[in-house]
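Let's have the full structure, built from the sequences with the hints guiding it.
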Amino acid sequence: AKALGGRAVVAGGALDPEALCTLPPFGAVLWWGDEAQGRAYDEALARRDGPIVPLVTDMPDAAHVLLERHLCVDTTAAGGNASLLAGGRG
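Using our numbering, the first residue of the sequence shown is number 132, and each one after it goes up by one.
No lab work stands behind these hints: they were computed from the structure. One or more hints might be untrue.
Quick list of simulated restraints, FRET-style, between CB atoms [said to hold, decoys possible]:
#	residue 1	residue 2	range
1	Ala142	Arg200	26 to 32 angstroms
2	Cys152	Leu202	32 to 38 angstroms
3	Leu202	Ala142	36 to 42 angstroms
4	Ala150	Leu202	34 to 40 angstroms
5	Leu154	Arg200	35 to 41 angstroms
6	Ala145	Asp180	22 to 28 angstroms
7	Val140	Ala177	29 to 35 angstroms
8	Gly144	Cys203	44 to 50 angstroms
9	Leu202	Gly164	38 to 44 angstroms
All values reported here derive from a predicted model rather than from experimental measurement. Positions of the beta carbon are idealized from the N, C-alpha and C atoms, including for glycine.
Structure representation (structure tokens):
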């Protein structure tokens, strides 16, 4: 995660799934291990208030650790006038 711009926090030893319900906000949990423990972590994450926090069980990529924002400008305020949309050329 660090190589992709994220900040990783590593749990030392076993982590009680219920701890995931009370920790301060975070963006994702990476887990490699047995299915039963992963399911317990996933269920605990589902009980958190706020944004959905994914349980990542494969090698993370940039989509897991980077945030992208988009800005959309609505040009329909030109009222369908094609010359306004074309910047006055036309």
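Hints, one by one, checked against the model:
no.	hint	in the structure
1	Ala142 with Arg200: 26 to 32 angstroms	holds, 30 angstroms
2	Cys152 with Leu202: 32 to 38 angstroms	holds, 34 angstroms
3	Leu202 with Ala142: 36 to 42 angstroms	holds, 37 angstroms
4	Ala150 with Leu202: 34 to 40 angstroms	holds, 37 angstroms
5	Leu154 with Arg200: 35 to 41 angstroms	violated, 25 angstroms
6	Ala145 with Asp180: 22 to 28 angstroms	holds, 24 angstroms
7	Val140 with Ala177: 29 to 35 angstroms	violated, 20 angstroms
8	Gly144 with Cys203: 44 to 50 angstroms	holds, 46 angstroms
9	Leu202 with Gly164: 38 to 44 angstroms	holds, 40 angstroms
In this structure, the earlier hints numbered 5, 7 are contradicted, and the remaining ones agree with it.
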